[in-house]
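Can you join these two chains into the complex? Each is in its own frame, and there are hints to help.
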Amino acid sequence: MLDPFQDPFFQRALLAGLLIGFTNGFFSGFVVLRRTALSVSALSHTMLPGIALGILITGTLTQVNAFIGALTAALFVGLGSVVVSRSSRVSQGTALAILYTTAFALGVAVLQYLRSYGDLSHWLFGDIRLVSSSDLWLAFVIGSIILLASCVFFRPLLLTLFESSVAAAQGVNVRAMNYLLFGMLILALVTSLQAVGCVLSVGLLVAPGATLSLLTNRTSLLFWGGGLVGALGSVLALLLAYWIDIPAGPAIVIVLGTLFLLAFLLSPKYGLLTRIRSSS
Amino acid sequence: MINDVGVSYGRVPALQDISLATSCGNRVALIGPNGAGKSTLLKAIAGLVPRQTGTIQWRGSAVKRWSHEFAYLPQREEVDWDFPITVRGLVEMGRFPHLGLWKRYSSGDDDAVERALQTLGITDLHDRQICELSGGQQQRAFLARALAQEAHVLLLDEPFTGLDLNASESLARLLASLSEEGRLILASHHDLESAPQLFNECLLLNHTQLDFGPTTQVLTPQSITRAFTSDRPDPDN
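For the protein sequence lines, the chains are V and E, in the order given.
Counting from 1, one number per residue, gives the positions in the first sequence under the numbering used here.
Counting from 1001, one number per residue, gives the positions in the second sequence under the numbering used here.
Note that these hints are calculated values from the structure, not bench results.
Just so you know, not all the hints are guaranteed correct.
Claimed, not checked - Restraint ranges, calculated between C-beta atoms of paired labels, are given here:
(1) E:Arg1128 / V:Leu262: 22 to 30 Å
(2) V:Ser144 / E:Leu1192: 43 to 51 Å
(3) E:Ser1019 / V:Ile145: 48 to 56 Å
(4) V:Leu130 / E:Tyr1105: 37 to 45 Å
(5) E:Thr1225 / V:Ala149: 55 to 63 Å
(6) E:Thr1161 / V:Leu273: 51 to 59 Å
(7) V:Thr101 / E:Gln1118: 54 to 62 Å
(8) E:Lys1064 / V:Ala105: 49 to 57 Å
What the hints assert, rightly or not - Some chain E residues judged to face chain V by a derived CB distance under 10 Å, without partners named:
(9) Ala1046
(10) Phe1070
(11) Val1079
(12) Asp1082
Yeah, the Cβ is synthetic: ideal placement off N, Cα and C, and Gly gets one too.
Extracted from the complex, chain E is given alone in its bound form (with noise of 0.2 Å):
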């Protein structure tokens, strides 16, 4: 449940007012122009930017800043690729808000890892750099950290951004099959045409919420004149 969130950059509201509510199991796509807050609205949740107004409810209680039971999965063009991490690495990352500072890493953690990479179908690829990967081995590497991470709520921002035809589908299936086993899938998306067969929830964003609820109720032509015609609010008011 997000109530009444809120978000600035200085002086300038980047986004106001959105309040949703949903559940484990579906897939809930933020759409809207480019600007219009998505990205922002995915790291307020994620905990990555502050949020100035509103609370964040997940299971009954609110959400501080952080519950490992979140993961946010970031652009693309935000990774440093050349970091020299394996894919391994990378999803063994996912265990550390379990591990903390001290804790070992026990059989139970690669067990976790082995499980996510198997999940995700990379285990052939758990030895490769993150930059010898295809865009969406990439996606898939960093789902495996968040499913690693134990995560039900994956914060994915354009995840289907520069995939050819074969990887969109194919990831496609894949978070219908975590949604179907329960997890809650909040993705950026800007492509209208596929969006009602990818997402079963939408919401409808211009730096304030113009629509939430099934994704072909919400996508009319009317609507998406409204949104992507719409002007940003002035900071002054």
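If we strip away everything but chain V, and leave its shape as in the complex, we get (with noise of 0.2 Å):
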């Protein structure tokens, strides 16, 4: 059973798990009370075009490059999904929608291309097997800026969720904390695409956040807990994904899925057959 603990590409492999694991989980937080999953779900897709016109601008592939490459393609997208909803009776979420599976067919067409820098798969769905040792830093680099500027403004993010408005008031920079979390966002991101890939990178960055939802009305718990569901289960999956052999990166994603159902249908409080009970 201990097996995999004794191979140098597991041992990373499960370090990259806690570390990325535990920062979207923590980040997840945000998403679930901003309510912006499927936003999430749009600039995750368009992370893949960003990221290989990077590659093709610049030759090389380099955490800076992917970086800039996502952020890039999120702006054009988000900003462009607004301009189009003013300027016609279009709405957002429709624009949004044509706008980035748009952008991620580009960059499924650019990356024929590209195919030195591995194929369309490992893009698509990530391989956490295949972490390399300043991947691992990137993610403990990432992770702790993210963790750094939750804690720090974490006062003001929350009222700017809650209230924005009062926060406004209040002599919060609202304009300013809305970038701090889009920012955070497409780090998080960044590093999820090595555990998870592009495509399932929205289960790691919603999953978590909206399983303690169900579980806790405390919000410290919602950021605290979702960063434990996120390590401990991406751990859970990669022990999976290497008994039963599937891949680890749907491996991560099916147990994060697992564990949410879990809590819809069981949580003390707010699960649905505790509601059914004790509505008979």
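Printed below as a string of structure tokens:
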């Protein structure tokens, strides 16, 4: 049973799972509070063409390239959807759906020219077992930045999410807080790319917080508990993937999705079965 | 003291020429038809919407945008009740203006939160999610946040809407005791019958100020007819 722990690839994957799972799980608290899971889905798909174009232009793949490419593409698609919706009768949701799928398709088309940087399925679904030492360092640095910024700005961020007008009146720079959330989201997405790829990263960035929201009313637990669910869920998924021989990225999202379903059914206070039992 | 306050949404003036002077211990009703600018005035005083004209003076000096001594309690439909926060978490938010980014949440802050919960009689509910409260309890939770903030001016947007008779009577007693303790209460209100019992002063408005003074003197049949039948000002004039 303990076999995988002797494998250096698996050890690195485990560490990456803990770091990326915790960071994304922690940040998922903000995604849940902001009710922006669908926008996150759009942004995660948008990363693909951004990073692909970054490689195409600079001829190399680095963490900085990936971040700038992802950020630029996300800004293009995000702002583009606003421009289209404001200057036509098309709603912003519709515009976003068209723009991000177009961008994603563009990314898939460009990637065939970049085969030396991994095949398409690697980008789409990730492979945490191929994580390098520099990837681990990146995950650690990004995780630290997100945790530090979230803790330092926790009060203004919370107030912005709950009552943005009251936050603004109290002198909170609401626009800066929204930019901060956007920046942290892109960072979290970039780290999750290696673990679960751009298609499945939404699961890692939404499921832990959503699970905790069914288990607690304490706002701080939503974040720290989300981090814990993300980290432990990723480790459990890696072990499962090893034992039953399935790809690691999908395993992570399957485990987190299952934990959410369990909370949905069995949460002591808000679970479906609990409510059915108490009403009968 | 409110001097000549005006607010516009784009080119459309929502409110103009509002001036009144009142003092701590008073309960002031803002009365006017739907869309008269009652909520806008409360939000303008609270600093939630920008004031195009006019000034607000508090304790002898001008309030630029916001004072931590002002607390705004939104209408029920404006609150995200599903936000995962407990009553205690909400009341603790009242300490944020005192704590800023860096200060540690101290035992003094905790005492202020406890006192606020006790004053509002919701200590037992401290661990409840805000959506699990009744309408009256929700009002109390937001009032507790205002007390934890050490606010002296309470700006309440339709506080009695949606409350049953018991909860309304209980809230009326509470507002009376808060004003007796020296707090100034300004509340938008739509029930003309109950206004004289609940509020000692009244601002009658319909986009612009029609009258201000003791409630019983302001709310005459003639002034009510005038307020509820006058047209909104033309934005081009």
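Against the structure, the hints:
1. E:Arg1128 / V:Leu262: 22 to 30 Å: This hint holds: roughly 24 Å between Cβ atoms.
2. V:Ser144 / E:Leu1192: 43 to 51 Å: violated (60 Å)
3. E:Ser1019 / V:Ile145: 48 to 56 Å: Since the Cβ atoms of E:Ser1019 and V:Ile145 sit about 50 Å apart, the hinted range of 48 to 56 Å holds.
4. V:Leu130 / E:Tyr1105: 37 to 45 Å: Cβ of V:Leu130 to Cβ of E:Tyr1105: about 44 Å, so the range 37 to 45 Å holds.
5. E:Thr1225 / V:Ala149: 55 to 63 Å: Once the Cβ atoms are compared, 57 Å apart, the range 55 to 63 Å for V:Ala149 and E:Thr1225 holds.
6. E:Thr1161 / V:Leu273: 51 to 59 Å: violated (36 Å)
7. V:Thr101 / E:Gln1118: 54 to 62 Å: holds (55 Å)
8. E:Lys1064 / V:Ala105: 49 to 57 Å: Holds: the Cβ-Cβ distance is about 51 Å, inside 49 to 57 Å.
9. Ala1046: holds (6 Å)
10. Phe1070: This interface hint holds because 8 Å falls under the 10 Å limit.
11. Val1079: Check passed: Cβ of E:Val1079 comes within 8 Å of chain V, closer than 10 Å.
12. Asp1082: holds (9 Å)
Hint violations for this structure: numbers 2, 6, all remaining hints satisfied.
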